[in-house]
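**Student:** Based on these hints, arrange chain B on the given structure of chain A.
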Amino acid sequence: MTFPTLLADTNADFWFPIQGSSFAEEVDWVYDLILYISLAFFVPMMAFMVWCLFKYIKARGTKAESQISHHTTLELTWSIGPSVLLVWMFVQGSISFLDMRTPPEGSYDIGVQAFKWGWTMDYGNGTFHPELHIVKDEPTKLSMRSTDVIHSLFVPAFRAKKDIVPGRYNYMWFKPTVASEKISDEALAKLKKQNEGTTWDYDKVHTIQTEDGERELQVTPEGYTFFDLYCTEYCGKNHSEMQTVVVVHETQAELEAWIKANSSRGPIPMEEWGELLYARRGCSGCHSVDGSKLVGPSFLDLYGSQHALTTGENQLVDENYVRESIIAPKAKVVAGYQPVMPSYKGQLSDDDIDSIIAYLKSISSNAPTQPAGAEAESEEESAE
Amino acid sequence: MSNATLPAGARDPGYPTERENYLTNSSGILSWMFTLDHKRIGLMYLIGVMSAFAVGGLLALAIRLHLLDPNGWMFSGAEANNIYNQVFTLHGAIMVFLFIIPSIPAALGNFLVPVMLGAKDVGFPRLNLSSFYLWVFGALFFVTALFSSGLDTGWTFYTPYSTTTDTSVILATLGAFILGFSSIFTGLNFIVTINTMRPPGMTWFKMPLFLWATYATSIIQVLATPVLGITLLLLIAERTMHIGIFDPEFNGDPVTYQHFFWFYSHPAVYIMILPAFGIISELISVHSHKHIFGYRFIAYSSIAIALLGFLVWGHHMFTAGMSSLTTIVFSALTFTVSVPSAIKVFNWLATMYKGSISLTTPMCYAISFIFLFTIGGLTGLFLGTLATDLHLHDTYFVVAHFHYVMVGGTLIAFLGGVFHWWPKMVGKLYNETHGRIAALLVFLGFNGTFLPQFVLGSRGMPRRYATYDPEFAFLHQLSTFGALLLGVGLLYAFVVLMVSLVKGRRAPANPWGGVTLEWQCTSPPPYYNFERPPVVGDPYDFHNLEWDAENERYVTTEPERKLVPESTPEEVPVHAGGQK
Chain A
1 MTFPTLLADT NADFWFPIQG SSFAEEVDWV YDLILYISLA FFVPMMAFMV
51 WCLFKYIKAR GTKAESQISH HTTLELTWSI GPSVLLVWMF VQGSISFLDM
101 RTPPEGSYDI GVQAFKWGWT MDYGNGTFHP ELHIVKDEPT KLSMRSTDVI
151 HSLFVPAFRA KKDIVPGRYN YMWFKPTVAS EKISDEALAK LKKQNEGTTW
201 DYDKVHTIQT EDGERELQVT PEGYTFFDLY CTEYCGKNHS EMQTVVVVHE
251 TQAELEAWIK ANSSRGPIPM EEWGELLYAR RGCSGCHSVD GSKLVGPSFL
301 DLYGSQHALT TGENQLVDEN YVRESIIAPK AKVVAGYQPV MPSYKGQLSD
351 DDIDSIIAYL KSISSNAPTQ PAGAEAESEE ESAE
Chain B
385 MSNATLPAGA RDPGYPTERE NYLTNSSGIL SWMFTLDHKR IGLMYLIGVM
435 SAFAVGGLLA LAIRLHLLDP NGWMFSGAEA NNIYNQVFTL HGAIMVFLFI
485 IPSIPAALGN FLVPVMLGAK DVGFPRLNLS SFYLWVFGAL FFVTALFSSG
535 LDTGWTFYTP YSTTTDTSVI LATLGAFILG FSSIFTGLNF IVTINTMRPP
585 GMTWFKMPLF LWATYATSII QVLATPVLGI TLLLLIAERT MHIGIFDPEF
635 NGDPVTYQHF FWFYSHPAVY IMILPAFGII SELISVHSHK HIFGYRFIAY
685 SSIAIALLGF LVWGHHMFTA GMSSLTTIVF SALTFTVSVP SAIKVFNWLA
735 TMYKGSISLT TPMCYAISFI FLFTIGGLTG LFLGTLATDL HLHDTYFVVA
785 HFHYVMVGGT LIAFLGGVFH WWPKMVGKLY NETHGRIAAL LVFLGFNGTF
835 LPQFVLGSRG MPRRYATYDP EFAFLHQLST FGALLLGVGL LYAFVVLMVS
885 LVKGRRAPAN PWGGVTLEWQ CTSPPPYYNF ERPPVVGDPY DFHNLEWDAE
935 NERYVTTEPE RKLVPESTPE EVPVHAGGQK
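For the protein sequence lines, the chains are A and B, in the order given.
Heads up, the first sequence is in the numbering used here, so the first residue is 1 and it goes up one at a time.
Heads up, the second sequence is in the numbering used here, so the first residue is 385 and it goes up one at a time.
Looking at chain A on its own, in the form it has when it is part of the complex (with noise of 0.2 Å):
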């Protein structure tokens, strides 16, 4: 079975990808046992007719061997025989089923909140991130929220899927039994510097020297190796992006630490965390930071700027502003846009938000702490 690949987060089999999770195994064993059944079906089916048309193609007048109508006791053998198979193959599935839908007790337990397009993983303690960062061999279960419309989260590796359907929470569980590779420090600084000054491309295709020789990865911005997480319910227009990766950490202190660094600014400048939340929190799925107008305004030039609102005031957008605007998106909404953004309340800290309006100032020329000119227009190239 070779098949061009380019995968790095699954083994090269020709159905399907890495079993990555403690399902993977009985769902792959199913899908044999009923691809085995279906072939020793199919095959004599089809052999019988090829045979038949070979032998029974005859001149036009020919006049048929047989003119038999029917035999009750051929027929009731093929009409019940096989639903033999079809019983095995639903209490495999059914038995395989209950497993995957009962969380174990004591599950490692993470908040899953969806919406147009994007993820936002609760790690507990006001830590986000939209990566799912999960520990190898630990039983994890996904407490999950939609705010718009019905999403569905699917991790092929895992071969587990389940719709996030709005106004109610749906569960998932899995076990991981892959952990995620590191790459090198050196090897993960060479690659910040070719992707320098762009959004980090998590498809792209890195050759990466490891300790196994040179290997074609595929990694996250922090220099693990994942596995694909997507959107299965179509929710709109960019659902095909509405993707996500998963992080299998080898260990509890790993994933600890992993959440530790990401649960708050820590030593970075405000601008810098603002624009990381930017890419990390969801805003980027809506707004623009190039001028173009999305589901939402553009943050280019935002702050400072008047803005007309759907009930015809003008309303100038200062801290507060972008402050209630973050907390109750829907009550003053800009004319021209849909009221369709989510609250954001009790989800962002307070040096969260200030950081936000700090990343605001930095790429708008309106707003008047800026010092003319000078770092906003770098951010708007970096940006681009």
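Derived from the structure by calculation, the hints contain no laboratory data.
Warning: the hint list may mix true and false statements.
Claimed, not checked - PhoX-like mimics (lysine-lysine), calculated; alpha carbons at most 25 Å apart, straight line:
{"#": "1", "chain 1": "B", "residue 1": "LYS590", "chain 2": "A", "residue 2": "LYS63"}
{"#": "2", "chain 1": "A", "residue 1": "LYS63", "chain 2": "B", "residue 2": "LYS738"}
{"#": "3", "chain 1": "A", "residue 1": "LYS204", "chain 2": "A", "residue 2": "LYS190"}
{"#": "4", "chain 1": "A", "residue 1": "LYS58", "chain 2": "B", "residue 2": "LYS738"}
**Tutor:** Just chain B now, with coordinates in the frame of chain A:
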């Protein structure tokens, strides 16, 4: 009969005069617009559904071309994803509502049902014409709505996306609502016609299997389509009045919408495939010149599918978060539907055994159908099984599966049916060689398009994606090249038919050797079909057909009849009591 090899009593209806021919007995656009002749209505439907298919097919090609490149090839710019979403919505909606559902029942069914019954017309000819106009009106309405604002909900109109998108959901659903009525009228008409207008001797179990399939289809149309109507009305009410049934923002439940929708749309799948089963039963038997094997099993299985089809809608929602018990029950019920479908395939294969097969163009399609539908049916098992469905749900595996059933099944059967009854409908024979080449191209192109999609799906490629990860590129490209070949094949088949209109030989009454009643009237039939209801026997008894090589046609011979009793009657009747 000049042919010496033919027995003396060979019968053939000959050819219709221009006065009798239903195509020429009256002329002018109005004679078509106001016709009550089921054959003309069927032909107009045929033109209608083929036009819809052409539009839907071009959209399909646009989809495949866009997916040639992971970042999208066909459409570009900031709105590329939006355009893609609109195109796949249009493709699905047009193919489902305007093509597949009316294709066989409305186009071929209208032409064939009364003729197969030896009747003059359907039970309610005016209702029939009105259902055609509803279809035209609904189609125009629907397509205008789709194109004017670029509907982007997918053909399934899932809430709450459909209640929040700013495209013209209301107009489009009204269009689907009107089309639903057209479908109900046709179904009602066929039920009445089949129940009340069978000729002397045609008991239920002497009906051609196409009529059984049509009857089963009509039952579904009449029972299920109203539910779609209700669902769409509720959707409109939700959008305009926020009644709070489907939209969580007003305390509705989006999954309720899915239950409503699939309660219609799963039986609708059988509206699409059952008539195809009927066609294949006819084609396999006639072109193998052998009695259909297991008539009763095939007939009963059509009815079984029609009824069981109402109980399995939940398998579209295995991942939606229904309770475990519900999910498992739906899975079990789903497996029961696979049995009657399997029965039919076994019976068709058994019919070919020891037959005398003519590899005509319709037979090529029938064989192609058995191959493709079997794949479509078997891959359904992967989706009915819960463990594997959780992985495969909403991936390309599903896309490939239902295209194998809808295209590999229904479309191929429709093409087979069109090629089979074309000489009867228009009175011309097409070029067999070119017909077969087209069938082969369609077969190869179809497999090229959809086989790779099974692998794409099991490897995790989600459906309805405008862009995709680079690791899937190779299989997507294979699929696109297959689609181009499929397009060429279908165009070729169309050209073969069109050329036959101009250059085709005049068709005899019975070019294939069928026994059902439509082959006993001329090609094309006279406007009145039959002068008087014909007396009929077994529709698959080929004993009294002979090949007339000189005129390249089949003729009916007189069965050997004993007109004179063998015993000499008593000279004096018994009741005369011995008196002379």
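**Student:** Okay, which hints does this one fail, numbers in order?
**Tutor:** Violated hints: none; all satisfied.
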